[in-house]
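Engineer: Starting from the given sequences, assemble the full structure and let the hints guide the process.
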Amino acid sequence: MDETRQADQAVGGGVTRRGLLAGTAVAAGAAAGPAGTTAAPADRAVDVTLTVNGRAKSLRLDPRVTLLDTLRDRLGLTGTKKGCDRGQCGACTVHVDGRRVLSCLTLAASVSGRRVTTIEGLADGGRLHPVQQAFVDCDGFQCGFCTPGQIMSAAALVTEGHTGSDHEIREYMSGNICRCGAYPNIVAAVRAVAG
Amino acid sequence: MRPFAFETPASLDEALRRAGDDTQFLAGGTTLVDLMKLEVMTPSRLLDIGRLPLRGIRVHGHTLHIGAGERMSDVAGHDLVVRSFPVIAEALRLSASPQVRNMATIGGNLLQRTRCGYFRDTATPCNKRDPGSGCPAIHGENRTHAILGTSDDCAATHPSDLAVALVALDASVHLASRDGTRRVRLADFYHLPGRTPHVEHDRSPGELMTAVTVPALPWARRSTYVKVRDRSSYEFALTSVALALDLHGGTIRAARVAAGGVATRPWRLSAVERALTGRPARLETYEVAAAHAAEGARPLTHNGFKPELLRRTVVRALVELGGRA
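If you read the protein sequences in the order shown, they are chains A and B.
Per UniProt numbering, the first sequence runs over residues 1 to 195.
Per UniProt numbering, the second sequence runs over residues 1 to 325.
Heads up, some of the hints might be wrong.
Unchecked claim - Among chain A residues calculated to face chain B with C-beta under 10 Å, some are:
| id | residue |
| --- | --- |
| 1 | 82 |
| 2 | 90 |
| 3 | 93 |
| 4 | 136 |
| 5 | 137 |
| 6 | 141 |
| 7 | 153 |
Said to hold, decoys possible - Have a look at the derived ranges for each label pair, beta carbon to beta carbon:
| id | chain 1 | residue 1 | chain 2 | residue 2 | range |
| --- | --- | --- | --- | --- | --- |
| 8 | A | 113 | B | 17 | 32 to 38 Å |
| 9 | B | 283 | A | 170 | 30 to 36 Å |
| 10 | A | 54 | B | 61 | 42 to 48 Å |
Don't read these hints as lab results, they were simulated from the structure.
Where a beta carbon is used, it is the ideal one built from N, C-alpha and C, also for glycine.
Structural biologist: Shown next as structure tokens:
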């Protein structure tokens, strides 16, 4: 039985649209295996525990499943986006133990026991993270698809401190592609937070 | 992705005991997971070495020691590396993206596979991926391919920037297996493709890279890495140059020069080094020395620009580090 549906029932007591879609996706995923490949033998499944946005999660997973697919398909955290799925666009950026990484190139089994923060866990209750607020204030997005990855990357960048100049901000944001071309406003948002 | 068994050895000994022909060690995963998704690499077992104590950046008797499990970003930002071997820090900082550098390890960086598009596409032949199947790059899309160290069977470049800096510094890698440990000069570690492009380096499947050591070179404090590419960040090199200069009173007493993006393995430019040694640090010296950079180059149909670009990259690195005077 999958945890996502159980969690939805525990929280809401009813069927939500997101929960229904997530549950369906999990069922389809379980039958077809990750990325449409054949299912792994059951004895190869691995037990994985993750602390996601401060909450402990225990899962039994095909070892081929990436952290990205685990977040989206198993835990219903669809804020993290799947862009290229091969480490070239940055849309899937999350924090593992506080460091920004690409969830599409991370096997979930390899980060068992670690702390994962996604875009859903960045705000402090009802108050946006300063980087989220700056993206709103500076109009740092257009279509929005790359935005969760941009914001997760920028939040880490501010902590890392590589914000000495616009050139440095651009260099240290180069792992996040924006096809709408919102770059000038993204740089402005990072600069606004860095002060 | 093909099915595989995921194993988490609790110690280095256990990892080495479990390693074999059908296994791959998983470190940062930025090469391996990518190539497993493409089914270019299809191991039946993964040994996760991410938690093994292959860490540490320190100096032992003037030799720099870097654990193979250190992340690229941690080495790039380490005071000791930035101060004593800026060429290493710069080569790392100009590699990949911040996210990738937070994941990828030093060992994985040195063992990463080529970015040749034919190697990455299982629908096409490739002598490296499928020995004897042919090399479409020789007469196909080869703008980014090698001009040095190639053969009729392969012209794929070695993609690592770090390896270029380390070859210039005469670094060694340390390998461990069930049978013990050994040390190999990085310059000897990588093979030329010849007739066997699939044999890329001197490491057996049961061997794990545990560390890199860089011999003391006090004048490497004056060193740099210049990388030329199609976009200014998050891109592999068209040409690159690692350079260290021993300057004294306007004279070059010694030089280390290696090139990336142009060869099938990191390419030490010994003829350029010789032409710089004992000469005044000025533009005329640089131009004369850089003329040797692409000696023996064999351009392909679309990369005829590389010999001249390499020559200019050498000059630019020399001007940046030695001045124009």
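Engineer: Identify every previously stated hint that the structure contradicts and give their numbers, smallest first.
Structural biologist: 1, 4, 5, 6, 8
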